[in-house]
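For reference, the chains in residue letters:
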Amino acid sequence: MKIFQKQISLTPKPRGFHLITREVLDQIPELSDVSTGIAHVHIKHTSAGLTLNENADPSVRRDFESHFNRMVPEDTSLLEHTLEGPDDMTSHIKSSILGHSVTIPIFSGQFNLGTWQGIYLCEHRNRGGSRKIVVTVIGS
Amino acid sequence: MKIFQKQISLTPKPRGFHLITREVLDQIPELSDVSTGIAHVHIKHTSAGLTLNENADPSVRRDFESHFNRMVPEDTSLLEHTLEGPDDMTSHIKSSILGHSVTIPIFSGQFNLGTWQGIYLCEHRNRGGSRKIVVTVIGS
Amino acid sequence: MKIFQKQISLTPKPRGFHLITREVLDQIPELSDVSTGIAHVHIKHTSAGLTLNENADPSVRRDFESHFNRMVPEDTSLLEHTLEGPDDMTSHIKSSILGHSVTIPIFSGQFNLGTWQGIYLCEHRNRGGSRKIVVTVIGS
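Residue numbers (the numbering used here), protein chains in the order written: chain A, 1 to 140; chain B, 1 to 140; chain C, 1 to 140.
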């Protein structure tokens, strides 16, 4: 059994949902030495999230953005914590609904995901900048 | 410390929320050899999810279905990714809200869950078929 | 590689969102011996949840409470499972949206969280009482 942890910085992304599987994998080449394990991928922010979803059709990511804007409306008359603008509190709420980490099974040196599964960065701020991710891999 | 991983196939379930704790446990008898650990249960799909919730009263699962249909409405005029029908994009959204995996503490060869906690398969598609699950257990 | 698991009881909290990072840390002094690892923090209930979010401004926690009350309305005419009152079924739903556990990276004997991240107890019941938490730490 072994463990390693790595902090990586994502390139800045515009508000919306972004497929980052390749960007994450490129920074953890050590994965190829793990036969069976789990990878915990954690985002160190409270206004962006991580989730798994469909990795092929960009319209899925656009629908995520429009649905979450309806479900968590930027109505500052309903919210108290709005100092940094109308996308401030809604980003906190969206990130907790979607979650701040994903845990992914590893098998034979690779993510053991479904064919259509990829990692999404859920960028809820209008200008979120570069986001920090911590990847912890535990396995044999 | 040891680790094992197993892929299992669930029997097909109709759209809705289903208690699958027993179906999962039956396929991982190795659990009884783990004194302290965690079990990561992952679904390899983007249109169904996994969560933990109340394991006794079937009305809880029915209310989950009706609430999520209201909260994520099948209104194709609002969504772009609808090629496979009105339950296509909403299934992607619901699965990310509920999550694609649950991590469960293990103690003394058993899931260390609360009395009322069970694993739910959240089947969001009208015809989702058999779903593939990957269970990874790490422990002593 | 080592593992340990501990069950802790939180002091009873009123309905709402509560920062519990310190209360959890105080009960796992063993963390200081872990150089690299993960901590899985699990709540053994189906009407309260755990999430990570902003650890500084109490207005964030108040906005969480008001948003979730709008998003999951206590409208008993729409729900079947209401035997324990209007906060019964909505608590089950909210807890699955927010999640029943958080997994936190550990580095150098401490939680490797972002500057602004803390653990929230999401108490959805009007009178939830003391909540049981299971912390499992795996690391080197």
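Keep in mind that the hints are not guaranteed to be accurate.
Identical chains blur together in the list; that is why a pair holds if it fits in one copy or across any two.
BS3-like, lysine-lysine: derived pairs with alpha carbons at most 30 Å apart [to be verified]: (1) K13 with K44; (2) K13 with K132; (3) K2 with K13.
No wet-lab data here; the hints were simulated from the structure.
Hint-by-hint comparison with the structure:
1. Taking the closest pair of Cα atoms, K13 and K44 come within 30 Å of each other both inside a single copy (16 Å) and across two copies (27 Å).
2. In this assembly of identical chains, K13 and K132 lie within 30 Å of each other by CA distance solely inside one copy; the values are 12 Å within and 32 Å between copies.
3. For the homomeric pair K2 and K13, neither the shortest alpha-carbon distance inside one copy (33 Å) nor that between copies (38 Å) is at most 30 Å.
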